[in-house]
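> Residues per chain, in single letters:
Number of protein chains: 2
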Amino acid sequence: MTKRHLALDDMIVALGEVLRANGCSHDVAQALATNCASAERDGSKSHGLFRMAGYVSTLRSGWVDGHARPVVEDAAPGFVRVDAQNGFTLPAHDAARALVEEKARQNGIAALAIRNSHHLGALYLDVEPYAEKGLIALSVINSMAVVVHPGSTKPVYGTNPIAFATPRAEAGPLLFDFATSAMAHGDVQVAAQQGRQLLPGTGVDAEGQPTQDPNAILSGGALLPFGGHKGMALAMMVEILCAALVGGQFSYEVDWSEHPGAHTPRTGQTLIVIDPTAGAGSLAPFAARVEALIQEVLSGGPVRLPSEERYPAREIAAKEGIAVDAAQWDAILALKAPAEAVQA
Amino acid sequence: MTKRHLALDDMIVALGEVLRANGCSHDVAQALATNCASAERDGSKSHGLFRMAGYVSTLRSGWVDGHARPVVEDAAPGFVRVDAQNGFTLPAHDAARALVEEKARQNGIAALAIRNSHHLGALYLDVEPYAEKGLIALSVINSMAVVVHPGSTKPVYGTNPIAFATPRAEAGPLLFDFATSAMAHGDVQVAAQQGRQLLPGTGVDAEGQPTQDPNAILSGGALLPFGGHKGMALAMMVEILCAALVGGQFSYEVDWSEHPGAHTPRTGQTLIVIDPTAGAGSLAPFAARVEALIQEVLSGGPVRLPSEERYPAREIAAKEGIAVDAAQWDAILALKAPAEAVQA
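Keeping their order, the protein sequence lines are chains W and V.
Mind the numbering: the first sequence is residues 92 to 435 in this note's numbering, read in order.
Mind the numbering: the second sequence is residues 92 to 435 in this note's numbering, read in order.
Hints should not be assumed to be uniformly reliable.
[To be verified] According to the in silico footprint, chain V covers these stretches of chain W (three or more CB under 8 Å from chain V):
(1) 133-145
(2) 331-344
[Unchecked claim] Just so you have them, the derived chain W footprint on chain V, three or more residues with Cβ under 8 Å:
(3) 302-312
(4) 332-340
None of these hints come from the bench; they were simulated from the model.
Here a beta-carbon is modelled for each residue, glycine too, at the ideal position from N, C-alpha and C.
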């Protein structure tokens, strides 16, 4: 497997060109390319270059508007609403970012509710920048119905991830980002290809019976939430915060049947930003206290902090560039030609 | 087993008398008694009358101040801070409730951060009243260190529950309330008494090795978070939001060794309240949308909604009174005599 090494900025430029060639405006292409290249750099392969084919396929299907101009509404002193106008979530978030940050600093807490929007990227990249600026951020997003409520045979919930980021004193932000489903949908497909059985509690078959067979989940079955009734409750909360609250669609309402090739659910996203100086009086003690917790955790044994693997990955990428498979990279660049068949 | 049936209000009056006899002011006693009796009425036995011995024992130990007067600080347009002054969390919450609600309605979202506070009650009762008034509420609370970070031998996290409540159109609030530990600590003790093995993933022994033996967890071992690394991330988030953010203590910092008999951790609580009219434009569409999600879930099979069992329990209690074991009730009333030894 031939490898190529690309600087982050060069990768963003190249991906942006591919996206623009497929119907994205400059700003939209820039937002998607940055998210995609950053995830690839961080070792989050499932949300990195792997996503490019899905973006292009969705754009070509006419399901998403790559030129959409988000409409930002200052709904209340602590609340920003954005209608993404059937465009991608990332540029809609960018359009509201400064206002949300200002409101959080002024009010102590602020919410951002995005609707009518498409998200296919890594969610941790949405919350991390706030923590880098001294704020706490929590975000949830719904997707398409692939998860059942335990006891049901009807998929209702998306994989509905939750991401959280907070500043700490002695290092970059502490953050986590996880699906409220027992497993990512893509990982079930990989297990099926490899003929692997799944752990108990991962999913159900078409009759709603528990199964460890990935094929049973993929053919009429569904995933379960992680952690039983607790993950179920969280999956439900994410739907409520991302659809009912923002005036958008539930995962089960997404209907892209008229748009073959579409991969991005048109749903919603909610973000809550907290200024820790409102709680603890100043950022310094807050960040020092988070650090104290982390040091206490680390003193207990060989533990892993959530998402910490991105830091060494970033160091390597800064020194050597981001290593990519040459064939995969060429296939992505080939997507610039609009007539080209989309690579799966 | 002889049963007695008590009206909710009579139970609150009687429990309040017991608490006042043990060093609570009228307001504090009223807040604790209401929470305790309401949980008992709802069938949430682990947070009902069962808690009374712990309250009394803690009051007698001198660890908590039953006469504390919470100090409410209007920290920002969307942020309320309360120093409970080493008193119980419930009266501190009561002291700030109207202000938090007003801020949520004015700003779209508001936060309440309580520190230096003791909570031994059911958390869902803290969020439900907001949903009954048309608001969304999310609350987290840390406790005492009985949960390890996976890979560690040192308990760091509390059972750190998360509770959420939202209005819905056709019924009372939808809510959930769960510990981020794999199991409640009390349930491990029950399993040990009954000689039952636990499910895999519940806890570790003193060497940090996974165990299904409740005795190994209780003698030097610890609980694990629910749902592996995902529950761990949530447990960590709860610590940060309840201690670092509010300027209070982490679960691992609680030291009641000078106060034998103390049962209530002195930690913190954070509550986030959202006005759904800021997001969706008006409460009617929001509540109708939540209802649509619930109906979609219910149409998929014989499913259980989180915490729904409280509704039939309330109906029965309203008709017949709350059924209590006569011996248990008499033992609680006996706690009014200050010289009386505390019943375990």
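> Decide, hint by hint, whether the structure agrees.
Outcome of the hint check:
For the region 133-145 of chain W, the stated coverage by chain V is violated: 0 residues have a C-beta nearer than 8 Å to a C-beta of that chain, whereas at least 3 were required. Taking a C-beta to C-beta cut-off of 8 Å, the region 331-344 of chain W contributes 9 residues in contact with chain V, enough for the three needed, and the coverage statement holds. For a cut-off of 8 Å, the count of residues in the region 302-312 of chain V with a CB near a CB of chain W stands at 0, and the three-residue condition is violated. A stretch counts as covered by a chain when three or more of its residues have a beta carbon under 8 Å from one of that chain; for the region 332-340 of chain V and chain W the count is 6, and the coverage holds.
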